[in-house]
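2 protein chains.
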Amino acid sequence: MSSRFSGLTPLLAPRSVAVLGASSDPTRISGRPIAYMRSQGFQGALYPVNPNRAEIQGLKAYPSIADLPETPDVAIVAIAAEHVPAAVEELGKKGCKGIVMFSAGFAEMDEAGEAVQRDMVATARSYGMRLLGPNCLGVFDARRSYYATFSSSFDSGWPVPGRIGIASQSGAYGTHLYTLARNRGIGASLCVMTGNEGDVTVGECIGWLAENPEVDVIAVYAEGIREAPGLIAALEAARAAKKPVVMQKVGRSELGTKAAKSHTASIAGDDAVTEAVMNEFGVYRARNSEEMLDIAHTATRKIYPVKNTLGVITVSGGAGVLISDVAESLGLNMPEMPLDAQKKLRDLVPFCAPRNPVDATAQVSNDVTLVKTFTESMVRDGGYSSVLGFFSMTASSRRWPAISEQLNVVRDENPGRLYALSVIVPPEGRDKLEADGWVVHEDPTRAVVAIDAMGRFGAAFAKPAGLPALAVPAVTLPAQTPSEAEAKRLLAGAGIASAPEAECATVEQAVAAAERFGYPVVMKILSADILHKSEIGGVLLDVSDPASVRDGFALLLERAKAAAPTAKLDGVLVAKQLKGGVECILGIHRDPVFGPMAMFGLGGIFVEVLKDVVFRRCPFGPDVAEEMIRSIKGSPLLLGARGKKTADVKALAETLSRLSAFAVAAGPRLQSIDLNPVFAMPEGEGAFAVDAVIEVGD
Amino acid sequence: MSSRFSGLTPLLAPRSVAVLGASSDPTRISGRPIAYMRSQGFQGALYPVNPNRAEIQGLKAYPSIADLPETPDVAIVAIAAEHVPAAVEELGKKGCKGIVMFSAGFAEMDEAGEAVQRDMVATARSYGMRLLGPNCLGVFDARRSYYATFSSSFDSGWPVPGRIGIASQSGAYGTHLYTLARNRGIGASLCVMTGNEGDVTVGECIGWLAENPEVDVIAVYAEGIREAPGLIAALEAARAAKKPVVMQKVGRSELGTKAAKSHTASIAGDDAVTEAVMNEFGVYRARNSEEMLDIAHTATRKIYPVKNTLGVITVSGGAGVLISDVAESLGLNMPEMPLDAQKKLRDLVPFCAPRNPVDATAQVSNDVTLVKTFTESMVRDGGYSSVLGFFSMTASSRRWPAISEQLNVVRDENPGRLYALSVIVPPEGRDKLEADGWVVHEDPTRAVVAIDAMGRFGAAFAKPAGLPALAVPAVTLPAQTPSEAEAKRLLAGAGIASAPEAECATVEQAVAAAERFGYPVVMKILSADILHKSEIGGVLLDVSDPASVRDGFALLLERAKAAAPTAKLDGVLVAKQLKGGVECILGIHRDPVFGPMAMFGLGGIFVEVLKDVVFRRCPFGPDVAEEMIRSIKGSPLLLGARGKKTADVKALAETLSRLSAFAVAAGPRLQSIDLNPVFAMPEGEGAFAVDAVIEVGD
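Protein chains in written order, with our numbering: chain S, 1496 to 2193; chain C, 1496 to 2193.
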C-alpha cells in the first residue's frame, strides 16, 4: 500500500518487531507478545530487548535498542512510564518507524501525564515514527501471526481467519468483540486497539483497513472522535472501496460521556455530530455488539443490493408475522409475489401462503422438491434481492438434509442474491451452511436487521456524489459579534434572504418603514449588546397601525434601558411580519472536532421538546439540504400535512445550502449562527430569516 | 387448583390421555405423542385408539372411544378433518374433559371450515369439554412427561426443567422459543400452543400458568388477542401472584397483520390497544425472542426491585460507557457511589474509577481481594439493588476462579439483590455461574435490558390499585348520533365541561349570547346531519363584534345549505372562544375485543403527524388519567415548557377519567367519542371541550 494511510503499515503489518522490557515469563504483559508470536509462527524478525538476560523465551535478547542488529519496523513498549520518554527518543534515533505502547500512566491519569504524553508524541513525530497508544492493548493480525498485544483472550483460543477488520478505542471492548466473533466462528483476523490515541486515531486505523486488500468489512468501537480529517478520509476511502463500516459509537448519554472521561482521556465529542458524519458516509450504527457482528458477518458475503427487497420462505408460517413487523419497522421492502406466480404456487399446494412471506406448508414432507419450486419462484418471479428462510428447528430434524439440498440448488443457480437462514442448528451444522454460502442466524429479528443493513450499504455505495454547495462570495466577519441587522446584511451577501426590514433610529423612520412594508409589522430593539431580545421583552409582534408603532418604539427603548442600562442602543428594527409560513430553525455550530455543523429543525416545540433536528457537516449542496429537511419527523408539516399548503422546500434547501457555504467561508472565528425562526413560505414564495444571530469568537 | 382457570387442568395436566388415530410409527404426527410419553415416562394412563390394531407402540390399543376402559381426562385428536366432528361428539358422550386437536382444515382454511369449527366447539362446550386448537401443535409439560404435541424439536433434545411457562399462539414460534431456551440451558418445562383458538385462548393459558405453583415466569408469543375477559383475568392473576409476564406481541405492522390473516384465522386486533392492556398490567413487551428469553430467565431469580438502581463493576473500564448509555436510554438509574466510599476506594487503588461504573483496574491481578472490597462497597455503601459485573473474556482466563470466588462471597453475604455478569465463558462455565446464583449474559447491552425489566416488574407489582373512575350518573344514549349540542349536554351530565355556549335559532339570540360571553366568540352551524363542520366551512373563529356575529350567522346558514341541501338546520351555536389553553384531543373508540378504549393526545400535528397518543381501557381514575397525560412525548407543553404557564392537568385528568366512566356507562351502542379540541387552560382554570362528536350505533 502506498497511500494516505500507508504510514501505519510498519505498525500494523511489520516485518520486524522489537519488544522493550521483554519478559521471560510468557504470562506477563511484556512476555505475552513474544509467546504469542512464537507459538503462532510470526515470519518476521523478533528482537527481545532486556539488559539483564541473554535469552528470552528461546530468542537471543539484546541489552539495548542501540544494540539491535537491524532497525525494527515496530517496537513494543511495555516498560514503566518514567522510562518511556527516553526509550521513545532512542527508538527515534535508531530509525524505528512505529511504536505500540502498552505502558500507562499518561493522559488517562492526570494533566501532568497528559503533558508527558504530548511531548512523547512530539518526539516520535519528529523522527517520523507513528505511535499506537499509550495505554493501549495493541494490535494483532492472525494471518501474519503478528501479536503486538497482551490480551489474555488467546488463553481460550486463537482468532478465526476472515475478512473482517476491527478497530476499537477500548482494549477491553475490542477484546470482547473479537472473542465473541471467534466463538461464533466469524472470521476477524485483524484487530487494532488505540487506547489513549496520543497519535494514531481510530479514524486512521479505519483508513488503513479500508486500503488493506485482506479486509472486506470494517467493525469499529468508538467512544469519541478526536480528529476529523483522518476519519473523513478513512470513511471516503472505505466508501470508494465499497467496504461497509459498522460502528458501535458509545457515549451518547450524559452518563456515558462522564464514564468515558473517567476511564480514558477521551474527548467524547457531541454524539449527534458524530452520528451525522456516520450518516453522511453510510456508516451503520450498531446498537450492540451482537448487531455489529451480525452485520459485519453478513457483509462479508459482499452482496449489497441497491434496492433491497426481502422474500421470506417457510414451511410452517408462524414467524412470518414477526418478520413482516421487523421489516416494516426498518423500512425494508417486502413486496408481494406477482399474482400469476401466486396462482401457480396455489395450484401446487392449495393451502399454501404464496404472497410473501411464502409458506410452502408441511406439504414439503410429502414432496421435498416443493422447497425448490417455491424458493425458485421467489427468486425468479418475485425477483427478491434477499431471501430469508425461516426453518427454525426443522434444521435440526431428519427432514433437513433433503430440504437444504433443495435450497442449495436454488442458491447455486441464482447467484448475486443474499441468502440467509433463520435456523436452530448445532455449531457444526451452522458451519456447513455458512460454507455452502448461507448467512445463518438463530433469531429471525436479527436476520432481518442484518439483511436490511446490506441494502443500506448498497444504497450508500450507489449514491452519486452530492451537488456542490451553492456558491457564496468571500465572507469577512466583523471583529465582534455583529448586531442583528449587520448579521442579516452579511447573510444577504450570501443570498440568504430576510424578511423586508429597516433599521430605524427615530420614531418617524419607524412609522415610514411600517407604512412602506404594510401592516402588521414586527418591531425589535436594535443593539449589538443585546443578543437574546425576546428574553427582555425586546420584540413586539402584530404591530398593526401607526399609533402602535409610535407606542412600541418608546416601549422597546424603555425595556432595553431597564434590562441593560449600559447597552448601546441603535434604535428599533421594523420588519414585515410574515404570515402563513412554517416556522423553522436553521443553525450553525462549530464542533471542536468536525468544524462547522449545520442544523435544521422545525421551530418551537419541535426543537425544544421533541429534539426533532438533523445535523450535517458543512458545506453541502441543496440536494443534501433537501434530504435533511425531509428526514425530520415533523417534515409532513412542510410537505402539506393537515390540509396546509406545501412549503417552499426548494427555497428552504437553498437557504440551508448557502448557510453551510457561508459557515465555511466565514472561517474559524465563526462560533455559531442562529436563524430562528426562518419562515418557509408556501411553494414559490421563498424562505426568509426573521431573526439572525451570528456569534464571532477570537 | 380450583379457580378461574382450573378448567384447563384436564387439558394441560391430565392423569389419563387417549390418542385418536394413534399410529404405530413413532415419527408420524399421530405416533409422536405416544412415543414421547413412553420414552419420557408419563405416569398417567395412555390409551391409543385405533380400530385396525390390537397394539400400538407396545400399548394395548382400543378400537373406539366407547371401548376405552375409563374416561380419559384428555383426548389427542389427530385424524382427518372430516371425521373430527363425530369424534368430538363421541368424546363428549364418553365424558372426556379436554381435547388437544392437531387436525387442521378449519377456520384457517375458509369460511366453511370456520363454520365446522364453530359447530365443533359448540358441541364440545355442550359436554363441558375444553378444546385446544384445532390446527395446533399442542402442549407439553416436561416435569410430568406429558407430551400432547407432534413437534419434532425433541429430535434434538428434551426440555431443560425449569420454572418458565410458555404460551404461544403459533406452534412454529412456540417451538422455536423453547428450543432456544433449551439450547441456552434455560429451564422452560411447560409450553402450550393454541393454534386456531377455536375455544381455549392464549389468555386463558396465561391464567392457568399464573395459577400453576410450578411456574414463576410466563413467556407469551401472540399475534392477536381474540377474547378480552380471559386475558384480563389472567393478567390480574399473574400480577396478584407476582409472576412476571413477558410477551412478544407481533402483528404491529400493516404487513404483519396481513401475514397473520394469511396464516391463521387470527383477528389481529389493533396493536396499540393490546399494548395499552399490556402496559396496564406491567406486561413486558419483548422486541425479539432473545430479549424474551433473557428477561424470562433473569426473572426466575425472583428479584424484582421496586426502585431499581444499577451498579457496575469491572476490572478494565471499556464497557462502562456502553453500559451507561444503555441504562440511561432505558431510564434505569445508575447513581454515583457516595463520595466517602469513592474516597475509600481511591485510597486503595489510586487510579481506580470509583464513581459508577466502578473500575477496580488490573490492580486486582496483584491483589484479588480488591474485587471483594470494591463490590462489597458497591452493595453496602452504594446500596444498588442490581449489580452487573462486566468481566468479558477475563472469565475465560486463569485469573477467573480467584475473582469469581471473591464475587461469590459478596453475593452470599448480601442476598436479596440481583447479581448479573457479562462474561464470555463456555457453556459449562456459564452453568456453574448460574448455579452459583448469577444471571449470565454475554452481551452487556442485553444484560442491562434484562436488569431494567426486573425493576419494571417490581414497580408494577408494588403499584397500589388505581383510584376508581370518577362517578358519573347513568347515561341514556339517544337513538341516533346526537348533534354537537346534545352531545355536550350528555357529557355535561357526566361533569365534562364545555366552553360556555348557546344554541341560537335566530340572529338576535346569537348576538345576545355573544354579548353575554364576551368577545371573541366561535360560531358553528348547528345540525345533527352535519358531523364534520369544519370541512364545509361551518366554523367561524375570532368573531369579535355584533356586526360580525350577524354576518356570520347568515354566512353559516348559506354554506350549510350549499354543502348539504337536505340537512335539517337548527341554527347556529355561539361559544366563548378560549384563549391561552393547550389544545388536546380526548377520545373514545370501541375496540371489538377490549371494548371502550380512551385515547389522549395533544391536538393538531401531535396526533396527526407524530401519532403521539396514549390509549387505556375504560374506566379508570384520575390518577391513571394523569399518568397517561404525562406519558406522551409532548407532555412538556402541558407542564410549562417554553416559558408557558403550566396547564390545569388536574382538571384535564378528571375530564379524561369522567370520559372513561361515561364510555362504560353509555353501554355497547357507543361507537366513539371525539372531544377535539379540549382546551387545557392554565392551572386552576379548568379544561373545556370545544367540540364534541358522539357516534352511536345500533
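For the record, the hints were derived by calculation from the structure and aren't laboratory data.
Some hints here could point you the wrong way.
One copy or two, it doesn't matter: identical chains are merged, so the pair holds either way.
Derived pair list, reagent style DSS-like, types lysine-lysine, alpha-carbon separation capped at 27 angstroms [stated by the list, open to error]:
hint	residue 1	residue 2
1	K2074	K2139
2	K1867	K2145
3	K2056	K2139
4	K2140	K2074
5	K2139	K2128
6	K2140	K1797
7	K2128	K2063
8	K1802	K1737
9	K2128	K2106
Predicted, not measured: the structure shown is a model, and the values here were computed from it.
To see whether the hints hold, each was checked on the structure:
1. K2074 to K2139: both (13 angstroms within a copy, 22 angstroms between copies)
2. K1867 to K2145: For K1867 and K2145, neither the intra-copy (50 angstroms) nor the inter-copy (63 angstroms) Cα distance is at most 27 angstroms.
3. K2056 to K2139: This pair counts as between: shortest inter-copy Cα distance 25 angstroms, intra-copy 41 angstroms.
4. K2140 to K2074: So K2140 and K2074 pass the 27 angstroms test inside a copy (13 angstroms) and across (25 angstroms) alike.
5. K2139 to K2128: Classified as both; 17 angstroms inside a copy, 24 angstroms across copies.
6. K2140 to K1797: neither (44 angstroms within a copy, 57 angstroms between copies)
7. K2128 to K2063: Neither: 42 angstroms inside a copy, 42 angstroms across copies.
8. K1802 to K1737: Answer is within; shortest intra-copy Cα gap is 16 angstroms, inter-copy 48 angstroms.
9. K2128 to K2106: Result: close both inside a copy and across copies, 10 angstroms intra and 11 angstroms inter.
Comparing the model with each numbered hint stated earlier shows that hints 2, 6 and 7 do not hold.
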